[in-house]
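**Q** As a plain string of letters, each chain reads:
Number of protein chains: 2
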Amino acid sequence: MAKIAVSRSHPRYLSLFYRDMLANGVKKGLTSLQGLTAHGRGEAFDYLIGEKTCQFALSAIKTASAMLILAKYPVLSINGNTSVLIPKEYIQLAKLLDAKLEINLFHKSSVREQKILNYFKHLGAKEVFLADTVQITTIKSNRRKISSKGQAKADVILIPLEDGDRTQALISLGKKVITIDLNPLSRTAQKATITIIDNIVRAIPILVETIRIFQHYPRKQLLEMVQKYDNSTVISQALAHIDSRLNLLISK
Amino acid sequence: MAKIAVSRSHPRYLSLFYRDMLANGVKKGLTSLQGLTAHGRGEAFDYLIGEKTCQFALSAIKTASAMLILAKYPVLSINGNTSVLIPKEYIQLAKLLDAKLEINLFHKSSVREQKILNYFKHLGAKEVFLADTVQITTIKSNRRKISSKGQAKADVILIPLEDGDRTQALISLGKKVITIDLNPLSRTAQKATITIIDNIVRAIPILVETIRIFQHYPRKQLLEMVQKYDNSTVISQALAHIDSRLNLLISK
Numbered sequence: 311m312a313k314i315a316v317s318r319s320h321p322r323y324l325s326l327f328y329r330d331m332l333a334n335g336v337k338k339g340l341t342s343l344q345g346l347t348a349h350g351r352g353e354a355f356d357y358l359i360g361e362k363t364c365q366f367a368l369s370a371i372k373t374a375s376a377m378l379i380l381a382k383y384p385v386l387s388i389n390g391n392t393s394v395l396i397p398k399e400y401i402q403l404a405k406l407l408d409a410k411l412e413i414n415l416f417h418k419s420s421v422r423e424q425k426i427l428n429y430f431k432h433l434g435a436k437e438v439f440l441a442d443t444v445q446i447t448t449i450k451s452n453r454r455k456i457s458s459k460g461q462a463k464a465d466v467i468l469i470p471l472e473d474g475d476r477t478q479a480l481i482s483l484g485k486k487v488i489t490i491d492l493n494p495l496s497r498t499a500q501k502a503t504i505t506i507i508d509n510i511v512r513a514i515p516i517l518v519e520t521i522r523i524f525q526h527y528p529r530k531q532l533l534e535m536v537q538k539y540d541n542s543t544v545i546s547q548a549l550a551h552i553d554s555r556l557n558l559l560i561s562k
Numbered sequence: 311m312a313k314i315a316v317s318r319s320h321p322r323y324l325s326l327f328y329r330d331m332l333a334n335g336v337k338k339g340l341t342s343l344q345g346l347t348a349h350g351r352g353e354a355f356d357y358l359i360g361e362k363t364c365q366f367a368l369s370a371i372k373t374a375s376a377m378l379i380l381a382k383y384p385v386l387s388i389n390g391n392t393s394v395l396i397p398k399e400y401i402q403l404a405k406l407l408d409a410k411l412e413i414n415l416f417h418k419s420s421v422r423e424q425k426i427l428n429y430f431k432h433l434g435a436k437e438v439f440l441a442d443t444v445q446i447t448t449i450k451s452n453r454r455k456i457s458s459k460g461q462a463k464a465d466v467i468l469i470p471l472e473d474g475d476r477t478q479a480l481i482s483l484g485k486k487v488i489t490i491d492l493n494p495l496s497r498t499a500q501k502a503t504i505t506i507i508d509n510i511v512r513a514i515p516i517l518v519e520t521i522r523i524f525q526h527y528p529r530k531q532l533l534e535m536v537q538k539y540d541n542s543t544v545i546s547q548a549l550a551h552i553d554s555r556l557n558l559l560i561s562k
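In order, the protein sequences belong to chains Y and X. Per my numbering, the first sequence starts with residue 311, numbered consecutively. Per my numbering, the second sequence starts with residue 311, numbered consecutively.
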């Protein structure tokens, strides 16, 4: 990645740091311009959430960890923003779970697909799947094209920073979907099996650490964790948290 | 403008449509990369508002219409995102009011200024002012440079999608500021004379239509409308609306 221009002493250093990373991602052909807008939307929700990993996110991360360990064929989906923001941790996650990595882009671009693939290989990913002949016809966008060795075979799929179409389509196919989305009102957040309402750059490292610990837990305990989990409660808690933060900002 | 890639049948077509428009705006040199992130932030607040023009916005649009008709020297400010999102309606508004158009950018760029100017001329704008020798020294950014024939002479200025610095500086100079901002907590929203808390692509066409109707109203009636208006009530109503929407969603 190219150099980041913003000074470490800036009060909003981290936010500007990731913004610069994505702008560099555009220059390197990994991120789409639309990805920058999507990130901006996330930034606003992160601001409302308070830019920290809350209890509702930790609860979702724990259950996601259990579900990913229990999965028979877990697949981790990669898009432009994911590839720029947390590629190393994503590869770490795939190795830890023996999960498949698959590139799936909203905006069709074979060039960008190839660049993301090369970037992941360069960072140490052994295998990264691209879309082949399989299509999910209920998805309107380029995301309908999936890999026969990846999402098509998966029982659990991690799709962070997502649009709602694919989540709904995958759920309809009987698959379990884990998402990471800062917007609790998005279609993805509302439809997913597990919604981690947190910034991907905070959530993925915690997910990695939690999986490291949970891998030693008995299978029964992990199953119970998944069975007890209620995603709608987690979403309500996130909304209530934003509401109380807004009320705090209003009364200031 | 270049082609828009997203399918009309996509449930979030409109949101993706405007995202594509701005991405094309960057390719054409009209919008800055930072403008894409700023738009994303707006998208987040539009989600919270419910992506429709609410009563508090209509009330602000009505009063803004009256104020713009009554103005002696109204000026409509153009930035990168405005120039891409609603250029035709903006030119229509200027003709209807016999108002001046002035380009004012946060990020200094003579090239971009010139491109926006050419684009507006191409779309039928007769005259578009650029910054000349006048400066508002209390503004830190490039926005301090204004036109001696535009903002410097204006009594009422429309500055949509704005940062807070200029709003405050113009108000201090005794001018009236109308803004369009999806974030009711922003400095601009809090400081403006009239704050239209709505998406610019929804608000400007309604503003145009309202002005067409109000132009036939007696001056006294328009004056009363402006005198009765309380911007802090409108902001409180917007915040209360977001609050009730969140509470409704929590209880679902």
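Watch out, some of these pointers could steer you wrong.
The list treats identical chains as one, so a pair stands whether inside a single copy or across any two.
Unchecked claim - Below 30 Å or equal to it, Euclidean Cα-Cα: the simulated DSSO-like pairs (lysine-lysine) are: (1) K485 - K425; (2) K455 - K405; (3) K530 - K455; (4) K459 - K425; (5) K362 - K450; (6) K362 - K405; (7) K425 - K338; (8) K338 - K418; (9) K382 - K337; (10) K538 - K450; (11) K538 - K425; (12) K530 - K418; (13) K455 - K337; (14) K362 - K436; (15) K436 - K382; (16) K538 - K337.
In short, the hints are calculated from the structure, not lab data.
**Q** Run every hint past the structure and note whether it holds.
**A** Each hint, compared with the structure:
1. Proximity of K485 and K425 under a CA criterion of 30 Å is satisfied intra-copy only: 28 Å inside one chain copy versus 49 Å between copies.
2. Taking the shortest alpha-carbon separations for K455 and K405, only the intra-copy value of 24 Å comes in at or below 30 Å, while the best inter-copy value is 48 Å.
3. When the C-alpha separation of K530 and K455 is checked against a cutoff of 30 Å, the pair qualifies neither within a copy, at 36 Å, nor between copies, at 62 Å.
4. Proximity of K459 and K425 under a CA criterion of 30 Å is satisfied intra-copy only: 20 Å inside one chain copy versus 48 Å between copies.
5. Taking the shortest Cα distances, K362 and K450 sit within 30 Å of each other only across copies (24 Å), while inside one copy they are farther apart (34 Å).
6. For a Cα distance limit of 30 Å, the shortest separation of K362 from K405 inside one copy, 27 Å, qualifies, whereas the shortest one across copies, 45 Å, does not.
7. Taking the shortest alpha-carbon separations for K425 and K338, both the intra-copy value of 8 Å and the inter-copy value of 24 Å come in at or below 30 Å.
8. Proximity of K338 and K418 under a CA criterion of 30 Å is satisfied in both settings, with 17 Å inside one chain copy and 20 Å between copies.
9. For the homomeric pair K382 and K337, neither the shortest alpha-carbon distance inside one copy (38 Å) nor that between copies (44 Å) is at most 30 Å.
10. Within a single copy, K538 and K450 get their C-alpha atoms no closer than 34 Å, and across copies no closer than 49 Å, so neither meets the 30 Å cut-off.
11. Taking identical chains as interchangeable, the C-alpha atoms of K538 and K425 are never at most 30 Å apart, the minima being 41 Å within one chain and 58 Å between chains.
12. For a Cα distance limit of 30 Å, the shortest separation of K530 from K418 qualifies neither inside one copy, at 42 Å, nor across copies, at 57 Å.
13. For a Cα distance limit of 30 Å, the shortest separation of K455 from K337 qualifies both inside one copy, at 25 Å, and across copies, at 27 Å.
14. For the identical chains of this complex, K362 and K436 are neighbours neither inside a copy (32 Å) nor across copies (47 Å), given an alpha-carbon limit of 30 Å.
15. With identical chains, the CA atoms of K436 and K382 are at most 30 Å apart within one copy only, with a shortest distance of 19 Å there and 66 Å across copies.
16. For the homomeric pair K538 and K337, neither the shortest alpha-carbon distance inside one copy (45 Å) nor that between copies (49 Å) is at most 30 Å.
Of the numbered hints listed earlier, those contradicted by the structure are 3, 9, 10, 11, 12, 14 and 16.
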